[in-house]
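Participant: Sequence:
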Amino acid sequence: MGTNWLSLSLPFFVTREAILHQRQRLNPVYGRRNWRHRDGDEMLASTVAGSVVGGGLAYYTRGSLAVISGGIMFGTLAAVGQYAATKFRHARQEAGYAITKGEEKKEKRIDLRNQPEREPESFDDHGYDPLREFTQYLRRKVLDRMGDVTVTNGGWVSPMLNALDLDYRKRLNIKIEILERQVASLKVQLEAKGIRVE
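Offset between the sequence shown (1-based) and the numbering used here: plus 51.
The hints are simulated quantities; they were obtained by calculation from the structure and are not laboratory data.
A virtual CB, placed ideally from N, CA and C, is assigned to each residue, including glycine.
Check the hints yourself; a few may be wrong.
Ranges of calculated distance between the beta carbons of each label pair, as one might list FRET restraints [as the list claims (entries may be wrong)]:
#1 L116 to T137: 30 to 40 Å
#2 T54 to N224: 43 to 53 Å
#3 S60 to G82: 44 to 54 Å
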């Protein structure tokens with residue numbers, strides 16, 4: 052399976068990068084800036100690479116009559132994929148620009164002043180625990196989506212949220228240690244009565 056993906060992706064990306072490299076070399080010759088033509092260059096490179104690889108794959112699997120349809124189909128798929136990737140990149144860039152300029156929409160604004168503070172009795176009193184912060188963030192997001200459902204214990208959301216929480220693991224370890232001491236105490240009491248325990 053990995054060989055199949057390698058045999059399809061390697062020619063596609065080699066062709067795509069060769070076209071992109073050629074376009075980047077020719078842009079200054081024609082007086083164009085690379086960053087202004089990046090989207091068009093990537094779309095062209097992906098479409099041509101998809102068509103070439105798709106045509107070759109169609110020729111290999113179905114014969115010479117399928118080259119045109121394979122090239123059109125894979126070229127279209129590559130163009131749609133590149134269009135989606137470009138739109139995603141633009142959305143991320145616009146969000147980053149809005150955050151740096153302070154122009155993000157009110158509903159999307161992240162206000163760090165309203166974030167709950169960490170409890171002083173947390174597992175790691177001396178620093179930041181990214182795993183715990185992430186699980187708390189996930190729990191808040193899930194509970195926000197649920198609306199005004201009141202839940203006393205947020206651990207119902209997922210067992211993994213509790214398993215990844217360092218405070219939860221510390222409490223579990225303490226309970227396990229208490230149980231081990233109780234078992235050891237019971238063994239001593241049973242051995243004192245003459246009952247052998249293994």
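Participant: Note whether the CB distance of T54 and N224 lies within 43 to 53 Å or breaks it.
Facilitator: Roughly 46 Å apart at Cβ, these two residues keep to the hinted range, so it holds.
Participant: Go ahead and decide if the range 44 to 54 Å is satisfied by the Cβ distance of S60 to G82.
Facilitator: violated, 34 Å
Participant: Taking 30 to 40 Å as the stated bounds, is the beta-carbon spacing between L116 and T137 within them?
Facilitator: Because 33 Å falls inside the window, the suggested range holds.
Comparing the model with each earlier hint shows a violation of hint 3 alone; every other hint is respected.
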